[in-house]
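Colleague: Listed below, chain by chain, are the residues.
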Amino acid sequence: MDIRLLDAEPSQEERFAVDQVLGAPESSWDGGERGSMRDAHTSEFGGRETRETRHLLLPALQALQARVGFITEGGLDYVCARLDVPPAEAWGVATFYAMLATAPRPRRVVHVCDDIACRARGARDLCAALEKKCGGPISHEPHGDHVLDSNKPAWMHSPCLGLCDVAPAALMVEAGAKPVERSLGGVTVESLSALLTGAAPALDGAAAPLSVQSADIPAGTGLLARVGKVDPTNLAAYRAAGGYTALAKAIELGAEGVIREVTASQLVGRGGAAFPTGRKWEAVRTQAAQPHYLVCNADESEPGTFKDRVLLTEDPFAIVESMTIGAFATGAEHGFLYIRAEYPLAFERMQHAIAEARAAGLLGKNILGRGVAFDIEVRRGAGAYICGEETALFESIEGKRGEPRNKPPFPVSHGLFGKPTAANNVETFANVPAIILGGGAAFALTGTAQSTGTRLFCLAGNVQKPGVYEVPFGTTLGALIELAGGVTAGRALKAVLLGGAAGGFVRANEMAIKLTHEDTRATGTTLGSGVVILFDDTVDLKDAVLRMAAFFRDESCGQCVPCRVGTVRQEEALHRIAAGKTRGGVKGELALLDELGEAMKDGSICGLGQTAYSAVESAIKRLGLYAEAGAATA
Amino acid sequence: MLKGIHNGAKLYVMDPRRTASAKWADVWLGLNVGSDIALSNTMAREIIHAGLVHAEFVSNACSGFSEYRTSVESYTLEVGESLTGVPADVIREAAHAFAKADRAMICWTLGITEHHDAADNVLALINLCLLTGHVGRWGCGANPLRGQNNVQGGGDMGAIPNKYPGFQEITDPAIQERFEKHWNVKLQATAGRNLTEMLHAMGTGEMTSLYVIGENPAQSDADGHHVEHVLRGLDHLVVQEIVMTKTAELAHVVLPSAATWCEGEGTVTNSERRVQRCRKAAEPPEGAKDELWIMTEIAKRMGLDWTVPSAEEVWDEFRAVAPAFAGGMSYARLEALDGLQWPCPDESHPGSTFLHGRLWEKGEARGDAAPFTVVRHEGPVEMPNDEYPLLLTTGRRLESYNTGVQTAGYDSPLHWGEMLDLSPEDAARLGIADNEDVRITSRRGSVVAPAHIDTALRAGLVFMTLHFPDDVATNLLTIDVSDPKSGTAEFKACAVRVEPVRSLAGVSSASGVAHA
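Residue numbers (my numbering), protein chains in the order written: chain A, 1 to 634; chain B, 635 to 1150.
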């Protein structure tokens, strides 16, 4: 490409960090030293092969971030020279992701979650106390002339870190030759201020999550059967516990046989959209265009969701095996596992599991000696909720801003790199081995006629025992909450957020709602990504609603107008209500919110804008949260 | 071309500089200036030795293969590398990729033709197309990319000194007779002078009058001092122009004309031989006249009482005198079909997508065989020496056009004025800083321009354009040798010396010919 580079030099360490990802430059034309006779007369840089390396842009930027703590102009320029990407475009990518900084940032930054689940457990007070003790947070915005001391740790507010079971939670990142990333649960002002004065972080706070299966799931079965029982770092232990028998059987069944069983199981996607998995796989399998890709969506970012994190960290080999079965069924030889940036342990465990599987011939060119070829590349997100949307996730893997695509065409025909792609959620994949081993029909016996199998729920907020719970579809909301010990001792349940920020609130008197796709649809709610956040009578629900509105405003990719403008206007209206400075009274504001919500739902191209009003709407209409004030001013 | 690249085509760029186009290429072959024939012949030898010749096409459609094979035999990969500078493995790979491609085309611009052996450069490329059968088929061919919308059309209509309209030979008596009959005049049986020959004839006094239409030789031709000198020496210079060019300033009479592409009617022919209508969209400014009117008035002064024809009448006359070429291209059909590709002999003919498609036919339908032409590497006429140690090659930049008549007036963030591009290595050796004024001196003249350090150039090679002749008259430096076959001057290669102006303080007036 004919690009203009910046007039900025990378430091030696930046060069080294990028070369770690991309390999050393091959000539002066791709960032190496000038001077060879060969370079004076030829170049093989800049053509198709070079353009096909664009997908390494995000990993290269992440390497700079991890080395220096932010992306300098020199570092950015070097990446651009290496990948032949215009600096303006690389800048567009670097500024898209919250975990990448383009202005000086201290080497150590503590991201303190102040999202709804952590708020229900005191995150607001915690942040206020921390501010008092250690000074205020830094922001994502560039710092202008005020250059931060790179050696003085800082903290910043963070949206949900997926650590709601150990709330209040934080994530510490430290750039350097040996970068550190640590998820921290049960943080206190003391533990955080120690980190901000340079203390070493405690061991991973998310290492031992609570996972519970309901009594009607037979022992040794279900998605959580191995969690907490089988060493997640040991392939032999996984195999001893029945691992990889499903893959062997899948190869016996053949691709069509696998899809037949998955279709018979009536398995639907667990990421929130509930699309039939068998139908998706069949659509990919029969596409003439090659190659086919398989993508596991582990960009679990819906506030209040952490079930996939538990599967990734505690049963990683099952995800590798399930992806391999999916790839075999859909004819994909190359898979991507896209894990959100905030899950360092999941990244580490999955990397390890994939390496072990590869070494054991369970990934590679000739899996199980049966001529099946498949391998998995792990990619990390960089702090963008929108990348959980599958087409935004493809864009992100391709090295672009994570902006969703218009659909159609759908990913089954035009997905990653424009090729047929099967993209499924972690939990969806995790269901596959049982379907293969026991048969689709047997799988469908669990749950209800229309919602088969079991489902993982993330119980958080003011609940006795936060954690991941597995229950068959059809269990009532009340029974699920009972399983988790109910609301905080001595408190009254005020509301439950079901399905996440993209879901909605239900009242404390709606515990009879059956947790199935059909029942939630009938009652105007959604299972979404399995979020169940309890709010007791101490929680300021209007504050929670505002936090969700701020979340959507912050996470909107800005590509389409209804969402970009709508999420801002929605938050403004809620702020005016909170401040008592309404235009046209609360009633007028609620009418405006309704109109905005409708515009976002109708006009946004992806689920973010389409659902940005749903929790707010449920707070208004289901909880009647603003009714009193509305009546007063009406 | 970028569309093709985005559709998956591979691009090989042969250019001494790593240009903007080369940066898109899968492979850049940075050959030495003037080593184009060496590169073509080396590729040809490699294709022959690797058994990649399209034997069926060569035996069916071509002549002279064995002589050609013998002539390229000495161009081994090693010889090729030493002549072109391009590593042998890269030449080999390019040769194999070209020969093995299902479809491949060669496109070129002035880097091939502005040499003293221009026509031979083209013939060397044609040889490659014949050798591999990449001609006369969809997605193949040898394509000179034209710098103007209607370079081809000028030739079509007979604005060449040795051809009648429709590329009919002036020296063929039968054709001459036909034209004499049609026009009812006696016509000369010998070819006229091309531009280079005209300049020479003006220099010797054989030619005393010149009528220039839409060209700016005072600034666009090589060895500008000489050109200006001979133009000033003419008894009578008439310039017909849409703007006041440097050449027009030298004229005894300037005939302001309308801009035909928008202020008049007519046709243009593009690079793929497609004839298209252009239509009047605006009235010419006060005093500017339609070119047909101007020529009719001149004819009137010469005693020929023509009425001013319409553009369509002129076109229909062309169709009548070149029926095999354009007989089927009525204005009505050109309008209805959005243009037609010649040859198009009659009104039922759909136009010709492939000029050389016949070569794939058998027997009589094939027509004359396509000849291989033996061509040999010579290199530039003027090579660097101790006194003039750098090789200057000239060319264009994306945002500007030729002598700037049409582009100098526009504002563009890419308009940086004239610069001398040179390699970081030469800049360091000569102690030249970026944007510092330098004096560039050849055996013919000397100019001053700011230096621009550019990694696209290698040591020993410098680059300038002809876009800003009023500021920097680059063609004072270029050499006035030209290709005897095409008449094109060797703009692409001359030896120069470059010095920082500050180191010449006080001696600059003595150091060469001052730029007027």
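Honestly, the hints are just simulated from the structure, not real lab data. Treat the numbers as computed from the prediction; the structure is a model and nothing was measured. Note that beta-carbon positions come from the ideal geometry of N, C-alpha and C, so glycine has one too. Check each hint, because a few of them may be wrong.
To be verified - In silico DSS-like cross-links for lysine-lysine, where the CA-CA straight-line distance does not exceed 25 Å:
#, chain 1, residue 1, chain 2, residue 2
1, A, Lys621, A, Lys587
2, A, Lys587, A, Lys542
3, A, Lys400, B, Lys657
4, A, Lys400, B, Lys644
5, B, Lys996, B, Lys734
6, A, Lys514, A, Lys400
7, A, Lys419, B, Lys996
8, A, Lys229, A, Lys152
9, B, Lys637, A, Lys400
10, A, Lys494, A, Lys400
11, B, Lys637, A, Lys419
12, A, Lys400, A, Lys365
Claimed, not checked - Chain B residues, not near chain A, derived (Cβ > 10 Å throughout):
#, residue
13, Ala654
14, Asp660
15, Ile682
16, Thr718
17, Leu757
18, Ala835
19, Ala893
20, Arg913
21, Val948
22, Gly991
23, Glu998
24, Glu1033
25, Asp1071
Claimed, not checked - Here are some chain B residues the structure puts well away from chain A; computed CB gaps all over 12 Å:
#, residue
26, Ser697
27, Ala728
28, Ala823
29, Ala825
30, Arg866
31, Arg911
32, Gly961
33, Gly973
34, Glu1070
35, Ala1093
Colleague: Now tell me, hint by hint, if it's right for this structure.
Modeller: Consistency of the hints with the structure:
1. Of the supplied pair hints, the one linking A:Lys621 and A:Lys587 holds, its CA atoms being roughly 12 Å apart against a limit of 25 Å.
2. A distance of roughly 16 Å separates the Cα atoms of A:Lys587 and A:Lys542; the hinted pair therefore holds under the 25 Å criterion.
3. With a C-alpha separation of about 21 Å, the suggested pair A:Lys400 and B:Lys657 falls inside the 25 Å cut-off, and the hint holds.
4. Pair hint A:Lys400 plus B:Lys644 holds up; C-alpha atoms about 24 Å apart against a cutoff of 25 Å.
5. This hinted pair checks out: B:Lys996 and B:Lys734 have alpha carbons roughly 24 Å apart, not beyond 25 Å.
6. Our distance criterion of 25 Å between C-alpha atoms is broken by A:Lys514 and A:Lys400, whose separation comes to about 41 Å.
7. As the CA atoms of A:Lys419 and B:Lys996 are separated by approximately 43 Å, the hinted pair breaks the 25 Å bound.
8. The suggested pairing of A:Lys229 with A:Lys152 is violated, with an alpha-carbon distance near 41 Å, which exceeds 25 Å.
9. With a C-alpha separation of about 21 Å, the suggested pairing of B:Lys637 with A:Lys400 holds against the 25 Å cut-off.
10. Only pairs whose Cα atoms come within 25 Å are accepted, and A:Lys494 paired with A:Lys400 is rejected, the gap being roughly 42 Å.
11. Of the supplied pair hints, the one linking B:Lys637 and A:Lys419 holds, its CA atoms being roughly 20 Å apart against a limit of 25 Å.
12. Of the pairs offered as hints, the one joining A:Lys400 and A:Lys365 is violated, with about 29 Å between alpha carbons and a cut-off of 25 Å exceeded.
13. With a least beta-carbon separation of about 4 Å from chain A, B:Ala654 fails to lie farther than 10 Å from that chain, contradicting its non-interface assignment.
14. With 10 Å as the threshold on Cβ separation, the claim that B:Asp660 sits away from chain A is violated: the shortest Cβ distance comes to roughly 3 Å.
15. Interface exclusion of B:Ile682 from chain A stands, the closest Cβ pair being 23 Å apart, more than 10 Å.
16. Not every CB of chain A is more than 10 Å from the CB of B:Thr718 (nearest about 8 Å), against its label as outside the interface.
17. Consistency note on B:Leu757: stated as away from chain A, and its beta-carbon is indeed over 10 Å from all of that chain's, at 24 Å minimum.
18. Listed as a non-interface residue, B:Ala835 keeps its Cβ farther than 10 Å from every Cβ of chain A; the least gap is roughly 41 Å.
19. The beta carbon of B:Ala893 sits about 31 Å from the closest Cβ of chain A, which is more than 10 Å, so the claim that it is off the interface holds.
20. Even its closest Cβ contact with chain A, about 35 Å, leaves B:Arg913 beyond 10 Å, as expected for a residue assigned away from the interface.
21. Listed as a non-interface residue, B:Val948 keeps its Cβ farther than 10 Å from every Cβ of chain A; the least gap is roughly 42 Å.
22. Against chain A, the non-interface label of B:Gly991 holds: every CB pair exceeds 10 Å, the least being about 30 Å.
23. Distance to chain A confirms B:Glu998 as a non-interface residue, since its nearest Cβ pair spans about 43 Å, more than 10 Å.
24. With a least beta-carbon separation of about 13 Å from chain A, B:Glu1033 lies farther than 10 Å from that chain, consistent with its non-interface assignment.
25. The non-interface label for B:Asp1071 is consistent with chain A: the shortest C-beta to C-beta separation is roughly 21 Å, beyond 10 Å.
26. Every CB of chain A lies more than 12 Å from the CB of B:Ser697, the least distance being 35 Å, so the non-interface label holds.
27. At roughly 10 Å from the closest C-beta of chain A, the C-beta of B:Ala728 falls inside 12 Å, breaking its exclusion from the interface.
28. Look at B:Ala823: its CB is around 49 Å from the nearest CB on chain A, clear of 12 Å, so calling it non-interface holds up.
29. The claim that B:Ala825 lies off the interface holds: its Cβ sits roughly 41 Å from the closest Cβ of chain A, which is beyond the 12 Å cut-off.
30. With a cut of 12 Å on Cβ distances, B:Arg866 stays outside the contact zone with chain A, its closest approach being about 42 Å.
31. B:Arg911, annotated as away from the interface, keeps every beta carbon of chain A farther than 12 Å; the closest lies near 34 Å.
32. B:Gly961, annotated as away from the interface, keeps every beta carbon of chain A farther than 12 Å; the closest lies near 44 Å.
33. A cut-off of 12 Å between C-beta atoms confirms that B:Gly973 is not in contact with chain A; the least separation is 31 Å.
34. With a minimum CB-CB distance of about 17 Å to chain A, B:Glu1070 clears the 12 Å threshold, and the non-interface call stands.
35. Annotated as non-interface, B:Ala1093 brings its C-beta within 12 Å of a C-beta of chain A; the closest such distance is 7 Å.
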